[in-house]
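Trainee: Letter by letter, the chains look like this.
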Amino acid sequence: MTLASPTDFQPQGEPPASSPGGLQPDGWLRYLSFSLDHKVIGLQYLVCGFFFYFLGGALAGVIRTELASPISDFVSRETYNEVLTLHGTVMIFLWIVPVVNGAFGNYLIPFYVGARDMAFPRLNAVAFWLIPPAGLLLITSYFVQGGAAQSGWTAYPPLSITTPALGQVLWILSVLLLGGSSIFGGINFIATILKLRRPGLKMMQLPMYCWAMLGTSILVVLSTPVLAGTLILLSFDIIAHTGFFNPALGGNVVVYQHLFWFYSHPAVYIMVLPAFGLVSEILPIHARKPLFGYTTMVYSIMGIVVLGLVVWAHHMFTSGTPPWMRLFFTIATSFIAVPTGIKFFNWLATLWGGKIALNSAMLFACAFIVNFVFGGITGVALAQVPFDIHVHDTYFVVAHFHYIVYGGTVFVIFSSVYHWYPKFTGRMLNEHLGRFHFLLTFIGFNLCFAPQHWLGLNGMPRRVAEYDPSFATWNQVSSVGALLMAISSLPFLINILVSAYRGEIAGDNPWRALTPEWLTTSPPPVENWIGEAPLVTHPYGYGSAQDQIDLGAATGRDLWGGPGL
Amino acid sequence: MTSLAPGNSDTETRDVVSTAAVAHAGHDHGGEHADARLFGLATFLVADGMTFAGFFAAYLTFRAVNPLPPGSNYELELVLPAINTMLLLVSSYTFHRAGRGLLRGDGPACRLWLLLTAALGAAFLAGQMVEYFHLPFGLTDNLFASTFYALTGFHGLHVTLGVICILIVWWQCRSGGRVAASTPFGLEAAELYWHFVDGIWVILFGILYLL
Ligand SMILES: [Cu+2]
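Residue numbers (my numbering), protein chains in the order written: chain A, 1 to 565; chain B, 1 to 211.
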């Protein structure tokens, strides 16, 4: 048995003679090609995602500028509706889902399972290349007759049937393409994790991000098709004047809501479970401690997958749901706090007593824990029917949601960029700019969204361009926060652009990490490893050996007695 | 056994990274795993099945809570759909025979069974067309009519795609073609898909015509 150490990754033997997969361009051009390399596809997802992040951010800027004053003065009311619809759709379907699944999933999963690529490289490239046309379709819909869709990212009928048809149909087409991309990606992740593992690598030895992506992909495969079918029916209602969801023609709008939320509640987990996985990779490395409670982490991910599929109607407590349904969905939703809480305490226990390096990646990861637990608490509150009815369709929901997806997932995306940038490029990011970016983002984010809880509790409705003047002050605070968030992208952009050329050379493993993607060169060779893939059975084996307790084999005495007792 | 020590004592630990001398698990980059392909198709069929499940759920809810306007409670003609159901069930059997023929190395028999399967599928589609032309309602007449056409139409699309796939596999099964006893993936994939489409029809027939 030969053993590897991080200095052993210099090329041994012949590098691959030509790039595999036929005629593939080299250099930066391959990022614009139909490349089959999972690392190229991952970075394609990442860069494309950031493009849409800045687009969606500009749209958010329009929203916050409009809301800085109580009257509708910055844009017309119709434009405001288009902007908020595009903001939601772009941020969810073109930024968070593709980046947190497609970008990091494609880059990392083959490393983690010890494979040279995903199970279906061609399908993988197809899945990515569905995204730019879908995004383009959404952007062009703004310029067509009647403008873009105005019915929000939920596209509830009858609103979506009565607003200008062309924009809504283009919106549906775009979301169908993105849904298809997501399903192809999900199939690929499931097949890669279950079927492509290196011989000798057991499921319970996989890095946690694999489990997160397995759970996420199960949700994608089970729920995204339901959204696709529903949107096809909705497009019939718009184009062919059928009456599936049109009450005037005998249809039923609540059926749309059920089908929509059957996808869109799990969609929250599709956006946040991968972030759980990423943060579980980042925390142990920068705290120099094993991930606490690996087994419970796995079971809580799978618990969230199962529970996540049976809680959708908590979005519909004001839609005439019968009492038994309210009871069931309240209880089921509240139960999700249990596996989520387990993960929260596991992360805290991972940090506890660690040699924490408070670098940019760690700052964003720790801020994720803080933001996410706050968003989680308001989530449990929203699951309670009486409270939900009080704040339904108010800014409280907006605040809760943004604490989950921005405070949760986007913070993890930034953390992950700081963490894996050395692997992507071979160069380090600037720490000072990184911490400055973190500070601006953290303050701006909380300034923007924390006041919205208060606004919602006091009854400010969401999705309207005008509001009661008594809400003006806190809206202005919120808009200042949004401005800070916008400014915070400057140090980030400068950092990633300049560091690509001027950054300190990172070396293969700057974090002294043990997960497999670090046990090769930075950036990695085309087929990930020159020679054999390493067999990593303890991806979290940090810290001195005597301090480690193997939880799988430990008895109660080991856990509670300790050596000193 | 030595341990991995990335330059610092705080990471000294047990056998962390070992490049075990396991036979190379490699596959050609760009080529796709033979065993993962059928698994991938099955996963896709789960997704496809969920689309149908969404449609079925919508249809059943509509039936339960949305009364149709008076005079629009149709008795669907049962004979033709029942014959169609038989055609599809028989075609699942003929496809199975085609697969056994291929594995036996009996190419001509395999291709004959495949042609028969495609013909049964085409006959099903023809029957569906005949039914469409004789129905007393159109797509937008009422909720039941719309749902009926959406469900049967979506399924018909699947059957059409299936027939095309069978004909492609029939072509690939010629001697020297891509599909052979040693490389049966194309046929196995088409067969799995075809059984899935038949299964969906049985459920659809049950809730649309019999319920
Ligand atoms: Cu939900």
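The set of hints was computed from the structure by calculation and includes no laboratory data.
Built from N, CA and C at the ideal position, the CB exists for glycine as well.
A couple of the hints might just be wrong.
[Unchecked claim] Short derived list, chain B residues pointing at chain A, Cβ under 10 Å:
#	residue
1	Ala47
2	Asp48
3	Phe52
4	Phe55
5	Leu68
6	Leu139
7	Ala145
8	Gly206
Trainee: Any CB of chain A closer than 10 Å to the CB of B/Phe55?
Mentor: 6 Å, holds
Trainee: Per the CB criterion, is B/Leu68 less than 10 Å away from chain A?
Mentor: 7 Å, holds
Trainee: Regarding the hint that B/Leu139 lies at the interface with chain A, is the smallest CB-CB distance below 10 Å?
Mentor: Because about 6 Å separates B/Leu139 from the closest Cβ in chain A, which is inside the 10 Å limit, the hint holds.
Trainee: Grab the minimum C-beta distance from B/Gly206 to chain A and call the hint holds if it beats 10 Å, violated otherwise.
Mentor: With a closest approach of 19 Å, the B/Gly206 hint is violated.
Trainee: May I ask you to test the interface hint for B/Asp48 with respect to chain A, counting a Cβ-Cβ separation under 10 Å as satisfied?
Mentor: Holds, about 7 Å.
Trainee: Identify whether the interface hint at B/Ala47 stands, where standing means a beta carbon of chain A within less than 10 Å of its own.
Mentor: 5 Å, holds
Trainee: Taking the least C-beta to C-beta distance, is B/Phe52 closer than 10 Å to chain A?
Mentor: 8 Å, holds
Trainee: At a threshold of 10 Å, is the proposed contact between B/Ala145 and chain A supported by beta-carbon distances?
Mentor: Hint holds; B/Ala145 Cβ to chain A Cβ min 9 Å, cut 10 Å.
Violated hint for the displayed structure: number 8, the only one.
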